[in-house]
Amino acid sequence: MQGNFITTKLNAMLGWARKFSLFHYPYVTACCGMEYMSTACAHFDIDRFGAGWTRFSPRQSDLLLVVGTISQKQAPILRIVYDQMTEPKWVIAFGACAVSGGIYDNYAVVQGVDQVIPVDVYIPGCPPRPEMVLDGLLKLQEKIQQQKQDWRWQKRQP
Amino acid sequence: MAEKTTLEALKQKFPEYVVETSAPFGDETLIIRKEALLEIAAFLRKPPFDFQMLLDLTCVDHPGRSDRFEMVYHLFSLASNRRLRIKLSLPEQAAVVGSLVRFWKNANWLEREVFDMFGVRFEGHPDLRRLFMNDAFEGHPLRKDYPLRKRQPLIPLRK
Chain F
1 MQGNFITTKL
11 NAMLGWARKF
21 SLFHYPYVTA
31 CCGMEYMSTA
41 CAHFDIDRFG
51 AGWTRFSPRQ
61 SDLLLVVGTI
71 SQKQAPILRI
81 VYDQMTEPKW
91 VIAFGACAVS
101 GGIYDNYAVV
111 QGVDQVIPVD
121 VYIPGCPPRP
131 EMVLDGLLKL
141 QEKIQQQKQD
151 WRWQKRQP
Chain X
1001 MAEKTTLEAL
1011 KQKFPEYVVE
1021 TSAPFGDETL
1031 IIRKEALLEI
1041 AAFLRKPPFD
1051 FQMLLDLTCV
1061 DHPGRSDRFE
1071 MVYHLFSLAS
1081 NRRLRIKLSL
1091 PEQAAVVGSL
1101 VRFWKNANWL
1111 EREVFDMFGV
1121 RFEGHPDLRR
1131 LFMNDAFEGH
1141 PLRKDYPLRK
1151 RQPLIPLRK
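Heads up: the sequence lines are chains F and X, in that order.
Residues in the first sequence are numbered consecutively from 1, following this note's numbering.
Residues in the second sequence are numbered consecutively from 1001, following this note's numbering.
Wrong hints could be hidden among the right ones.
[As the list claims (entries may be wrong)] Restraint-style ranges between C-beta atoms, simulated for each label pair:
1) F/Phe-23 / X/Arg-1149: 54 to 62 Å
2) X/Lys-1105 / F/Leu-138: 47 to 55 Å
3) F/Ile-80 / X/Pro-1147: 48 to 56 Å
4) X/Lys-1150 / F/Pro-76: 16 to 24 Å
5) X/Lys-1144 / F/Gly-125: 44 to 52 Å
I should point out that these hints are in silico values taken from the structure, not numbers from a laboratory.
These numbers were taken from a predicted model, which means no experiment stands behind them.
C-beta atoms are modelled at their ideal positions from N, C-alpha and C, and glycine is treated no differently.
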């Protein structure tokens, strides 16, 4: 039997599986999209971290990348996209505007997407360098690995 | 008209409407009375001046002035390669001016933008609705007395 099996905890195994199979949905509204594209393409290659699958459908995604400025008119749309994603799901606020509204402290812009949806990782920068994005992704993977996993047959607390 | 500047010609043609003319840095600028806008625009639109393009149409808010809003129009003539800036002032109580849509079609959305942001109304505009802000938005956000940090979210915010 030696070498034919490994032992682990279900929680750790699910975390390991989930952190390396992030299907992301890029919600790109502004110039940060350029850095997102750079990160996602061959030079920086987000696929090295298991997040290479870009699904342009929220129903098939589990990582929402909010890339760019969210205006008050965009907020309901972003909320719907988030609600359509299936559990488990995570959100990255990408760039200064998504984190805090950035330079746009005015009537039109939501002051950080965490006013609309819960956010797991904040990546500041105007725009952030691809290295920062990858660092944020690694931080999210660490968070996913550490968290208590939710799975289908788990007993739910009423 | 070839040799005369646009400003000289307009001063001769509409002496009672022209308030002031200047040409800072070579940009011919004409300040007119507000009731003269449509007449002057109709004259400029056709040859010999032939200002075919309305480059921009915007508004400036001067809170201290008696005539609070200042409309600014930028025209360009492709035929003679000339530019012209027209300005006129509007009081806050009667912020109404004639619409230029009949002369330049792109004035439609530009005037809707000014209506949205400043609350200036345009007489004769075919469809004077807000352009950028949602219909439920209250006030005009580019007015200087609109509170800087006032927010009007469409959905309840989490915090």
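**Asked** Quick check: which numbered hints come out false for this structure?
**Response** Numbers 1, 3, 5 - these are the hints that the structure violates, sorted from lowest upward.
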